[in-house]
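Asker: Sequence:
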Amino acid sequence: MCLTASDIKVEADSDVPEEEDPLAGTTPATKAEQENVVSEPQLLHVEVHPYSCSVCSKSYTNPNSLRKHKRVHSQAQAFPCDVCNKPFTYQNDLKKHQRIHTGERPYSCGVCNKSFSEQGSLKKHQRIHTGHRPFSCGVCNESFTEQSSLKRHQRVHSGERPYKCGICNKSFTEQGSVKKHQRIHTGERPYSCGVCNKSFSEQGSLKKHQRVHSGEHPYTCSICNKSFSEQGSLKKHQRVHSGERPYACGVCNKSFSEQGSLKKHLRIHSVVRPYTCDVCNKSFNEQGNLKKHLRIHTGERPYICSTCNESFSEQSGLKRHQRIHTGERPYTCSVCNKSFSQQSSLKKHRRIHTGERPYACSICNKTFTQHGSLKKHQRLHSGEYP
1 MCLTASDIKV EADSDVPEEE DPLAGTTPAT KAEQENVVSE PQLLHVEVHP YSCSVCSKSY
61 TNPNSLRKHK RVHSQAQAFP CDVCNKPFTY QNDLKKHQRI HTGERPYSCG VCNKSFSEQG
121 SLKKHQRIHT GHRPFSCGVC NESFTEQSSL KRHQRVHSGE RPYKCGICNK SFTEQGSVKK
181 HQRIHTGERP YSCGVCNKSF SEQGSLKKHQ RVHSGEHPYT CSICNKSFSE QGSLKKHQRV
241 HSGERPYACG VCNKSFSEQG SLKKHLRIHS VVRPYTCDVC NKSFNEQGNL KKHLRIHTGE
301 RPYICSTCNE SFSEQSGLKR HQRIHTGERP YTCSVCNKSF SQQSSLKKHR RIHTGERPYA
361 CSICNKTFTQ HGSLKKHQRL HSGEYP
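Each residue of the sequence shown is one higher than the last, beginning at 1 in full-length UniProt numbering.
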């Protein structure tokens, strides 16, 4: 169903009672200046606020909004909520507030039947159906359905970061962002998993966690159809196909597809190797590497293929082996689309396209694309025939 903005009619807010104009004595402009004030439809785009409160200097786009605001200063908040005691200046504002407690949502969308507690919220929602985006950025012309969205967007251009953390003074463009940030200091974790009660500081983190229980994998690789619970995991996986290795070691220039792999590698250059084998005294920078090494001495091969019962000392060895049975070839050349079961095979293959020959004979300087080819060649010089 296609609607236009004119198809949706929302009654004007008639909740504010008529009374003596409190704008008397407040002068946004002289009569001549008033004639030059931009009309309200235009104000939505340029955000002119010519009506200022003489008490607190807060400004508004139209006199009615200022009139409402001035009552905060001039009248007692005589209408308290009987549930939470929050006071209100107008009875109608109290009525709107009470819907928080009652759950009443009297304003329904005629298109999708979604209901709202306030008429203004319905009006904003209906722009989803009409496509009406009345708030435009004067810098880049991007348009928005809500004025608050435009205001947040404009901070991209202005660099304004009005929300500051009271503890560390870090500043943010949105109030929601500073609220999330402050949980680092307070330790607050308001989002709890209904299955295991694990709690999180952000709703997005809870959503990711819940996929552990649901098994949902909404992110799918377009090349091999493998699916993932997180977008970041998909991004990492796609580097298997692309061969991208964006994390480079600053010492030896070796590059890695994951930041965690680079972090582990950097320990090779570190002097600290706290894990020592009690059989041969070889030392390691990670306990996991020592554990793998010990299998050389014990002969332990705990990873067994369920198809042919061949066993392996490392899980990665089993994984590579299983591709013989499954036919899986997850490593694809970006030049000719040839695929391989092992990443090392893809790396060797790429040298056909790049012309790289990294293995050089120390005697005659002849170069080779593979280490095995160099080894065979060197037998010509040594006279060795295995």
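Hints in this document: simulated from the structure, not taken from any laboratory.
A portion of the hints provided could be inaccurate.
As the list claims (entries may be wrong) - Dumping the calculated DSS-like pairs for lysine-lysine here, alpha-carbon to alpha-carbon at most 27 Å:
1) LYS123 - LYS70
2) LYS151 - LYS70
3) LYS292 - LYS338
4) LYS264 - LYS236
5) LYS123 - LYS164
6) LYS282 - LYS254
7) LYS198 - LYS236
8) LYS319 - LYS254
9) LYS58 - LYS170
10) LYS96 - LYS179
11) LYS96 - LYS86
12) LYS164 - LYS180
13) LYS151 - LYS179
14) LYS347 - LYS254
15) LYS58 - LYS164
16) LYS254 - LYS348
Asker: Now look at each hint and say whether the structure bears it out.
Answerer: To see whether the hints hold, each was checked on the structure:
| no. | hint | in the structure |
| --- | --- | --- |
| 1 | LYS123 - LYS70 | holds (26 Å) |
| 2 | LYS151 - LYS70 | holds (24 Å) |
| 3 | LYS292 - LYS338 | violated (33 Å) |
| 4 | LYS264 - LYS236 | holds (17 Å) |
| 5 | LYS123 - LYS164 | violated (32 Å) |
| 6 | LYS282 - LYS254 | holds (23 Å) |
| 7 | LYS198 - LYS236 | holds (26 Å) |
| 8 | LYS319 - LYS254 | holds (24 Å) |
| 9 | LYS58 - LYS170 | holds (26 Å) |
| 10 | LYS96 - LYS179 | holds (26 Å) |
| 11 | LYS96 - LYS86 | holds (12 Å) |
| 12 | LYS164 - LYS180 | holds (12 Å) |
| 13 | LYS151 - LYS179 | holds (18 Å) |
| 14 | LYS347 - LYS254 | holds (14 Å) |
| 15 | LYS58 - LYS164 | holds (21 Å) |
| 16 | LYS254 - LYS348 | holds (16 Å) |
The earlier numbered hints that this structure contradicts are 3, 5.
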